[in-house]
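Engineer: For the record, the sequence lines run as chains A and B.
Residues in the first sequence are numbered consecutively from 1, following the numbering used here.
Residues in the second sequence are numbered consecutively from 1, following the numbering used here.
These aren't lab readings, by the way, just hints derived from the structure by calculation.
Just so you know, not all the hints are guaranteed correct.
Under the rule of at most 20 Å between Cα atoms (straight-line distance), these lysine to aspartate or glutamate pairs were calculated in the EDC-like manner [what the hints assert, rightly or not]:
(1) B:K68 <-> A:D38
(2) A:K57 <-> B:D24
(3) B:K71 <-> B:D24
(4) A:K9 <-> B:D1
(5) B:K38 <-> A:D105
(6) B:K101 <-> A:D54
(7) B:K101 <-> A:E15
So the derived label-pair ranges between C-beta atoms look like this [what the hints assert, rightly or not]:
(8) B:S52 <-> A:D38: 27 to 37 Å
(9) B:N57 <-> A:T5: 24 to 34 Å
(10) A:T86 <-> B:Y39: 17 to 27 Å
(11) B:P114 <-> A:I51: 42 to 52 Å
(12) B:S52 <-> A:D30: 48 to 58 Å
(13) B:G16 <-> A:V52: 41 to 51 Å
Quick caveat: nothing in here was measured; it's all calculated off a predicted structure.
By construction, the Cβ of each residue, glycine as well, lies at the ideal position given by its N, Cα and C atoms.
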Amino acid sequence: DGGITQSPKYLFRKEGQNVTLSCEQNLNHDAMYWYRQDPGQGLRLIYYSQIVNDFQKGDIAEGYSVSREKKESFPLTVTSAQKNPTAFYLCASRVGAYQPQHFGDGTRLSIL
Amino acid sequence: DQQVKQNSPSLSVQEGRISILNCDYTNSMFDYFLWYKKYPAEGPTFLISISSIKDKNEDGRFTVFLNKSAKHLSLHIVPSQPGDSAVYFCAATPSGGSNYKLTFGKGTLLTVNP
Numbered sequence: 001d002g003g004i005t006q007s008p009k010y011l012f013r014k015e016g017q018n019v020t021l022s023c024e025q026n027l028n029h030d031a032m033y034w035y036r037q038d039p040g041q042g043l044r045l046i047y048y049s050q051i052v053n054d055f056q057k058g059d060i061a062e063g064y065s066v067s068r069e070k071k072e073s074f075p076l077t078v079t080s081a082q083k084n085p086t087a088f089y090l091c092a093s094r095v096g097a098y099q100p101q102h103f104g105d106g107t108r109l110s111i112l
Numbered sequence: 001d002q003q004v005k006q007n008s009p010s011l012s013v014q015e016g017r018i019s020i021l022n023c024d025y026t027n028s029m030f031d032y033f034l035w036y037k038k039y040p041a042e043g044p045t046f047l048i049s050i051s052s053i054k055d056k057n058e059d060g061r062f063t064v065f066l067n068k069s070a071k072h073l074s075l076h077i078v079p080s081q082p083g084d085s086a087v088y089f090c091a092a093t094p095s096g097g098s099n100y101k102l103t104f105g106k107g108t109l110l111t112v113n114p
């Protein structure tokens with residue numbers, strides 16, 4: 001089945017630690033995205049990548065980093081510089097313009 | 001500055017009746033609009049979209065209407081079913097998404113009562 005796989009579903013981080021959230025897609029989509037959702041809020045764009053080895057900051061990139069070494073993979077690292085990392089993180093991908101983004105099932109990150 | 005606004009945080013309707021979810025936008029460059037449905041602890045699921053060259057798009061029980069002059073779109077669900085109970089997000093992007101970015105509203109929680 002084609003789709004987007006995010007892992008783990010739940011993740012706990014200690015203060016001062018970096019953590020990496022995984023996102024893999026087998027849809028052969030060029031573009032991939034990372035969003036953050038907080039309670040009662042919409043989705044806010046963290047980073048996006050239109051093509052391998054290229055990515056751009058979204059609206060709330062501070063404290064996050066990404067890489068895009070393979071078309072299928074777009075991992076997100078939440079660094080210790082992110083002061084409020086507790087949130088629901090969503091990865092998405094899209095084949096092209098005038099096409100919808102398709103989402104994974106998310107990773108919930110909590111601080112211990 | 002919220003460019004996509006869903007002013008109703010929640011909506012409750014009876015099963016079988018029509019649900020109307022509203023969305024307003026401020027950026028006149030937006031020309032492709034989407035509705036997503038989201039259950040708790042899951043990713044959003046794409047429902048329906050519309051480009052600015054149309055004023056209506058229909059898919060089964062779901063219809064999206066776009067009023068460009070008012071910068072307003074709405075999602076109609078007819079008839080509403082209990083399984084439709086979820087948070088609905090409106091999203092928009094400029095230039096067909098050539099910059100690949102979506103801007104989301106804060107969502108409306110729809111509850112369909114049996």
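Engineer: If you test the structure against every hint from before, which numbers come out violated?
Structural biologist: Violated hints: 1, 2, 4, 7 and 12; rest satisfied.
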